[in-house]
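Colleague: Residue numbers (my numbering), protein chains in the order written: chain A, 1 to 111; chain B, 112 to 307.
Since the hints were derived computationally from the structure, they do not count as laboratory data.
Dumping the calculated DSBU-like pairs for lysine-lysine here, alpha-carbon to alpha-carbon at most 35 Å:
hint, chain 1, residue 1, chain 2, residue 2
1, A, Lys79, B, Lys270
2, B, Lys270, A, Lys80
3, B, Lys270, B, Lys220
Pairwise CB distance ranges (calculated):
hint, chain 1, residue 1, chain 2, residue 2, range
4, A, Val59, B, Thr245, 24 to 32 Å
5, A, Leu102, B, Leu178, 34 to 42 Å
6, A, Ile63, B, Gly266, 31 to 39 Å
7, B, Glu226, A, Arg21, 42 to 50 Å
8, A, Ile63, B, Val219, 20 to 28 Å
Using N, Cα and C, we set each Cβ at its ideal position, and we do this for glycine too.
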Amino acid sequence: MSSDYAVDAVTSDHHAADIDRHVRIYITVFAALMVLTIVTVAISRFHLPVPIAVTVALVVAAIKGSLVACYFMHLISEKKLIYAVLALTVVFFGVLMALPVLSYHDGFWIR
Amino acid sequence: MDIPYTYTVRRDTGLTNGKIVIWLFLASEVMLFGALFASYILIRTGAQTWPRGDTILSVPMATFNTLVLISSSVTMVMAWASLMRHRFSTFRMYMGATILLGLVFLIVKYFEYSEHIHLGEVPSHSNFLAVYFTLTGLHMLHVFGGMMVNLYLWGPGAKLWKTNPTWFTNRVEQSGLFWHFVDLVWIFLFPTLYLL
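Go ahead and model the full structure; you've got the sequences and the hints to work with.
Modeller: This is how it looks when you write it as structure tokens:
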């Protein structure tokens with residue numbers, strides 16, 4: 001959808017209305033991101049135990065990141081090829097993140 | 112010979128080449144920052160003790176910078192939306208605001224770095240500071256790079272709007288994708304470095 005916009009930049013009235021709708025969404029997402037940033041800082045003031053603090057901080061960051069990716073980067077309505085590229089990226093990113101976890105469990109692959 | 116599919120879509124992918132390329136580039140960026148995040152986790156979990164970020168770093172400054180970068184993401188997407196509405200002067204205003212907000216981010220970071228360096232808190236001082244300077248330094252380079260591209264699109268690159276508005280709009284969209292990615296990285300850097 002939104003990627004089609006880039007191609008059809010010469011807009012019609014219908015397109016203009018659609019863009020207006022998107023602008024309203026951008027403003028809403030902006031407000032949500034601001035609130036979530038304040039929430040992130042507020043939660044850190046509670047000095048929760050580290051595992052809980054890490055989980056909460058990463059969950060809030062993931063929500064914020066998803067909002068940016070879905071709405072500002074238009075991932076909510078992208079073409080299949082982009083999703084395929086990102087799926088592959090997610091797999092390799094997962095492997096990268098798994099390395100320290102495996103290492104934490106005493107490097108069992110070495111034994 | 113002209114580069115194909117710069118403003119017309121390929122039938123098989125439904126995308127312009129620029130769009131595919133920017134996403135492939137962002138995928139490589141995910142791996143770059145992912146490797147650094149993985150290293151950070153490895154160093155932190157292996158350390159006997161690890162300081163809470165807010166005991167060393169300035170949370171108010173970082174919170175302000177987070178709000179600045181989020182605002183710049185909104186102005187960036189509004190710049191693109193303005194072009195979609197054929198409002199070039201509005202585009203200029205939003206793109207200018209995006210560049211200025213990026214500059215504000217870098218200025219705040221300069222003050223933050225200066226304070227640490229003045230106190231002798233340099234990367235060689237501790238693992239925490241080494242991780243902090245590496246991650247935020249690389250991120251700052253990305254902010255600077257994005258600003259340069261945006262500055263080009265705001266200034267000399269905007270001439271393309273007169274001859275090929277669709278191509279110019281695509282360029283702004285692709286620059287925006289990079290800018291939002293930089294924002295996204297900061298969204299994760301902020302809590303992991305400053306608040307935990």
